[in-house]
Every structure is written in C-alpha cells, then in structure tokens.
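Chemist: Take the sequences, apply the hints, and build the full model.
Take the sequence shown: its position 92, counted from the start at 1, is 92 in the working numbering, and no numbers get skipped.
Everything labelled a hint here was simulated from the structure, so no lab data went into it.
There may be inaccurate statements among the hints.
Below, simulated DSS-like cross-link-like pairs (lysine-lysine); rule was C-alpha separation at most 25 Å, straight line [said to hold, decoys possible]:
id, residue 1, residue 2
1, Lys54, Lys23
2, Lys54, Lys92
3, Lys36, Lys140
4, Lys42, Lys158
5, Lys54, Lys104
6, Lys140, Lys123
7, Lys123, Lys92
8, Lys116, Lys23
9, Lys92, Lys109
10, Lys123, Lys173
11, Lys104, Lys42
12, Lys140, Lys173
13, Lys36, Lys137
14, Lys42, Lys123
15, Lys158, Lys54
16, Lys140, Lys158
17, Lys104, Lys92
18, Lys123, Lys54
19, Lys140, Lys42
20, Lys140, Lys23
21, Lys27, Lys104
22, Lys23, Lys92
23, Lys36, Lys54
24, Lys36, Lys92
25, Lys123, Lys36
26, Lys36, Lys104
Just the calculated beta-carbon pair ranges, DEER-fashion [stated by the list, open to error]:
id, residue 1, residue 2, range
27, Val72, Val167, 37 to 47 Å
28, Val135, Asp165, 35 to 45 Å
29, Gln114, Val167, 38 to 48 Å
We put the CB at the ideal spot given by N, CA and C, even for glycine.
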Amino acid sequence: MVTRMSYESFAEKIKFRSGEFDKELFKRIVEYIIEKELVTPKSIEVYRSGVEVKIRAIAEMMLVDEFDLDIVQAVDYLSIASFVISMTILSKIEGNEPSDELEKYIIEKLYTPQIKEMFLTRKFMTNPILEEFEVIKFVKDTPEGPLESYGVRILIDKSGDRDFDEVFLETTKGTLQEIVNYISEVISDDARKNSEKE
Numbered sequence: 001m002v003t004r005m006s007y008e009s010f011a012e013k014i015k016f017r018s019g020e021f022d023k024e025l026f027k028r029i030v031e032y033i034i035e036k037e038l039v040t041p042k043s044i045e046v047y048r049s050g051v052e053v054k055i056r057a058i059a060e061m062m063l064v065d066e067f068d069l070d071i072v073q074a075v076d077y078l079s080i081a082s083f084v085i086s087m088t089i090l091s092k093i094e095g096n097e098p099s100d101e102l103e104k105y106i107i108e109k110l111y112t113p114q115i116k117e118m119f120l121t122r123k124f125m126t127n128p129i130l131e132e133f134e135v136i137k138f139v140k141d142t143p144e145g146p147l148e149s150y151g152v153r154i155l156i157d158k159s160g161d162r163d164f165d166e167v168f169l170e171t172t173k174g175t176l177q178e179i180v181n182y183i184s185e186v187i188s189d190d191a192r193k194n195s196e197k198e
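Modeler: If you want it as structure tokens, here you go:
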C-alpha cells in the first residue's frame with residue numbers, strides 16, 4: 001500500500017541539499033520535464049515490487065538553463081520528481097485517485113493501462129516474464145544454395161525485478177509462420193469470447 005506524503009516530506013526523505021524546497025517551482029519542473037518528454041510512459045520501468053521512473057540525463061542541464069538553477073539544485077529536484085512520479089503511478093495502480101492537480105497531470109500524461117498490466121503480471125508471476133523479442137533473418141551459403149532461416153532473440157525476466165536472461169534460437173520460416181498463426185488464433189479467440197460476454 002502506497003503511503004501518501006507531502007512533496008516537502010519527499011524532499012526531506014531524499015536529503016534535499018539545496019536550501020529551502022520550493023513547492024511551486026517543483027510543480028513547474030515536473031510539468032516541464034513531462035512537456036519536454038524527458039520522461040515518458042516508455043521510460044517507466046516496472047518491477048515486481050514497484051515502478052521506477054528514468055528521466056533523461058539531459059534534463060539536468062535543461063533545468064539549469066530553464067529555471068536558473070545550479071547543477072546540485074537540478075539534480076535534487078529531479079530526484080524528487082522521479083520519486084513523486086513513481087509513487088503517484090504506483091498509487092494509481094493500487095486503485096487510488098490523484099489527490100491534487102499535479103498528480104492528475106502526471107496520471108493523464110504518463111499512466112497507461114499497460115503499466116498496470118505489466119506490474120500485476122510481475123507481482124503475481126508464476127513463470128519467467130517475456131520482456132521483449134526480436135526476429136532476425138539469415139541467409140547462409142550451403143552446398144544446396146542459399147538457405148534462409150530466422151533467429152529469434154528473447155529477453156526474459158526471471159524474478160519480476162528485471163533480472164534478465166537472453167536466449168537466442170534459430171528456426172525456419174515455416175516454423176516461424178506457424179507460431180505467428182497460432183498467436184493470431186489465440187488472440188482472435190480471446191477477442192471473440194470477450195465480445196460474446198459483453
């Protein structure tokens with residue numbers, strides 16, 4: 001369960017080093033980094049135990065220029081921003097609604113149903129999670145002539161906390177097509193069953 005804290009409490013928690021914490025400036029900074037896409041839904045990493053927000057490294061210097069901060073202030077405000085965004089999204093996943101306008105803005109711009117789905121899949125996982133995959137085509141010279149095959153790179157999360165293993169498999173075009181057809185069939189069947197329920 002996420003415990004709600006004031007922004008000032010967040011500042012105290014991460015040992016704000018830059019003098020007095022400016023709540024209004026902080027709100028402007030959060031809005032700025034979201035508007036400039038220095039943090040996006042894709043930069044939110046989901047773990048079994050929570051979520052982590054990755055803000056682009058260039059954000060530090062952009063805050064220095066935009067808000068006339070020194071680098072320590074920029075780093076401190078970004079640390080709090082990352083923490084607040086993470087806690088706001090986790091709170092939403094747990095079914096809580098935003099408590100103020102800044103949280104509403106964070107949820108509107110960064111929260112997606114896919115983030116919740118990924119979190120719950122990890123939290124209640126019973127098997128390794130398929131994180132990503134890539135298909136690469138090969139053409140090999142053989143005595144029989146050119147031979148086409150496909151490499152499949154699979155990244156799996158063993159623990160739910162982004163503990164990755166990579167597996168590389170090779171297969172034929174025919175086998176790959178069978179896999180594609182089977183996946184399409186499963187998805188179509190699920191969609192049909194869901195529509196029948198409605």
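Chemist: Quickly compare the C-alpha distance for Lys116 and Lys23 to 25 Å and report which way the hint goes.
Modeler: Violated, at about 28 Å.
Chemist: Does Lys140 pair with Lys173 here, judged by a C-alpha cut-off of 25 Å?
Modeler: holds (14 Å)
Chemist: Hint check: Lys158 vs Lys54, CA-CA at most 25 Å. Holds or violated?
Modeler: Roughly 22 Å between the alpha carbons, so the hint for Lys158 and Lys54 holds.
Chemist: Has the given pair, Lys36 with Lys54, been kept, meaning a C-alpha gap of at most 25 Å?
Modeler: holds (14 Å)
Chemist: Tell me if the straight-line CA distance from Lys123 to Lys54 falls inside 25 Å.
Modeler: Since the Cα atoms of Lys123 and Lys54 sit roughly 21 Å apart, the hinted pair holds (cutoff 25 Å).
Chemist: Measuring from beta carbon to beta carbon, are Val72 and Val167 in 37 to 47 Å?
Modeler: holds (43 Å)
Chemist: Hinted pair, alpha-carbon criterion (25 Å max): Lys42, Lys158. Please report holds or violated.
Modeler: The hint holds at about 21 Å.
Chemist: If I claimed the Cβ atoms of Gln114 and Val167 lie 38 to 48 Å apart, would that claim hold in this structure?
Modeler: violated (24 Å)
Chemist: Taking 25 Å as the top limit, are the C-alpha atoms of Lys36 and Lys140 close enough?
Modeler: With Cα atoms ~45 Å apart, Lys36 and Lys140 exceed 25 Å; violated.
Chemist: Are the Cα positions of Lys42 and Lys123 separated by 25 Å at most?
Modeler: holds (19 Å)
Chemist: Mind checking the alpha carbons of Lys140 and Lys42 for me, to see if they're no more than 25 Å apart?
Modeler: violated (36 Å)
Chemist: Please verify whether Lys123 and Lys92 have alpha carbons no more than 25 Å apart.
Modeler: Between Lys123 and Lys92 the Cα gap is close to 15 Å, so the pair holds against 25 Å.
In terms of the numbered hints stated before, the structure departs from hints 3, 6, 8, 10, 13, 16, 19, 20, 25, 28, 29, listed from lowest to highest.
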